[in-house]
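Engineer: For the sequence shown, our numbering assigns the number 1 to the initial residue and increments by one for each residue that follows.
Where hints are given, some of them may not hold.
Pair by pair, the computed Cβ-Cβ distance ranges are [claimed, not checked]:
#: 1; residue 1: Asn86; residue 2: Thr24; range: 34 to 42 angstroms
#: 2; residue 1: Arg149; residue 2: Ala207; range: 18 to 26 angstroms
#: 3; residue 1: Glu79; residue 2: Ala17; range: 40 to 48 angstroms
#: 4; residue 1: Glu79; residue 2: Asp174; range: 18 to 26 angstroms
#: 5; residue 1: Tyr4; residue 2: Met164; range: 18 to 26 angstroms
#: 6; residue 1: Gly186; residue 2: Tyr4; range: 29 to 37 angstroms
#: 7; residue 1: Gly186; residue 2: Asp151; range: 23 to 31 angstroms
#: 8; residue 1: Leu103; residue 2: Ala207; range: 21 to 29 angstroms
#: 9; residue 1: Trp214; residue 2: Met18; range: 28 to 36 angstroms
#: 10; residue 1: Thr24; residue 2: Leu103; range: 24 to 32 angstroms
#: 11; residue 1: Asp194; residue 2: Ala28; range: 45 to 53 angstroms
Honestly, the hints are just simulated from the structure, not real lab data. Ideal Cβ placement from N, Cα and C applies to all residues, glycine included.
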Amino acid sequence: MAWYCDDVASMWEQLRAMGIRVLTPSGATGDTPPGHGDIYTHPKDTFTQAEFFQPSEAHGGPGGPGPFKDPRFAAGWAERWKASPNPLGIERLAYVSVVVPELERAKAVWCRGFGATLLGEEESALTGTRCAYVSVGPETVVELAFPTRADGLAGEELAAHGGMCHAVAFTVADLDRTAAHLDRCGVSVYQRDDTMILTDPADTFGAPFRFTTWRAPGDPRDGAGRPAD
1 MAWYCDDVAS
11 MWEQLRAMGI
21 RVLTPSGATG
31 DTPPGHGDIY
41 THPKDTFTQA
51 EFFQPSEAHG
61 GPGGPGPFKD
71 PRFAAGWAER
81 WKASPNPLGI
91 ERLAYVSVVV
101 PELERAKAVW
111 CRGFGATLLG
121 EEESALTGTR
131 CAYVSVGPET
141 VVELAFPTRA
151 DGLAGEELAA
161 HGGMCHAVAF
171 TVADLDRTAA
181 HLDRCGVSVY
191 QRDDTMILTD
201 PADTFGAPFR
211 FTTWRAPGDP
221 RDGAGRPAD
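Can you make the complete structure from the sequences, with help from the hints?
Structural biologist: As structure tokens, this is what we get:
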């Protein structure tokens, strides 16, 4: 997972103060923080690898005239996104799920190391996890998920690979509409309840996808008027 940041040097210092190993694109782990560009966390220290990127003038900034151009910063992006074909009925990225072996440690790493805000915690019978939801910056929610049973997708993934980025969840308007389109595309529903669909990873190249009408309480994007990620 990657985020833009205003001060990559401060992120470097904050992460290292937590004992988190930080690398540059070359793999170096020196004592001098970079003035701009990319840094990466060691995935063993943060349960998945995270990237923080501060564009320089040479990059042109996220929406600037240089070689780095993110279309989400262009004028009219929201209108183009709304007008694009969207048969799944996706409204936005709901959250990214990271499966973790220690929930308390994961909360400390993400809230103190990344500066994330804890939104709340809950347990899901459908996914077989106990979860903490955190917001990283103004637009990203991450689910830190500790498996409560070994036979679920999250439990199997943790046993096979350890902590890692596990699944991506999208907020949708109508689960039945989403399920119908998945069926037309040959993607099977692995499990489902009143608010969420889990797709079968066997039909999506091993990657679990989720579609949900549920929203994390306190999600900073709600009410802000931003249409979609």
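Engineer: Do Arg149 and Ala207 keep their Cβ atoms within the hinted range of 18 to 26 angstroms?
Structural biologist: 21 angstroms, holds
Engineer: Measuring from beta carbon to beta carbon, are Gly186 and Tyr4 in 29 to 37 angstroms?
Structural biologist: With Cβ atoms ~36 angstroms apart, the hint holds.
Engineer: Has the hinted range 24 to 32 angstroms been met by the Cβ atoms of Thr24 and Leu103?
Structural biologist: Check passed, 30 angstroms falls within 24 to 32 angstroms.
Engineer: That 40 to 48 angstroms hint for Glu79 and Ala17 (C-beta), does it hold up?
Structural biologist: Because 42 angstroms falls inside the window, the suggested range holds.
Engineer: 23 to 31 angstroms was suggested as the range; check whether the CB atoms of Gly186 and Asp151 agree with it.
Structural biologist: Between Gly186 and Asp151, where Cβ atoms are some 25 angstroms apart, the hint holds.
Engineer: For the pair Tyr4 and Met164, does the Cβ-Cβ distance stay inside 18 to 26 angstroms?
Structural biologist: 23 angstroms, holds
Engineer: That 28 to 36 angstroms hint for Trp214 and Met18 (C-beta), does it hold up?
Structural biologist: This hint holds: roughly 30 angstroms between Cβ atoms.
Engineer: Quick one: are Leu103 and Ala207 within 21 to 29 angstroms, going by C-beta?
Structural biologist: The hinted range 21 to 29 angstroms holds for Leu103 and Ala207, with Cβ atoms some 23 angstroms apart.
Engineer: Has the hinted range 18 to 26 angstroms been met by the Cβ atoms of Glu79 and Asp174?
Structural biologist: Holds, since Glu79 and Asp174 (Cβ atoms, about 22 angstroms apart) stay within the stated range.
Engineer: 34 to 42 angstroms was suggested as the range; check whether the CB atoms of Asn86 and Thr24 agree with it.
Structural biologist: 38 angstroms, holds
Engineer: Kindly confirm whether 45 to 53 angstroms is satisfied by the beta carbon distance between Asp194 and Ala28.
Structural biologist: The hint (45 to 53 angstroms, Cβ to Cβ) holds, given that Asp194 and Ala28 are roughly 49 angstroms apart.
Of the numbered hints listed earlier, not one is contradicted by the structure.
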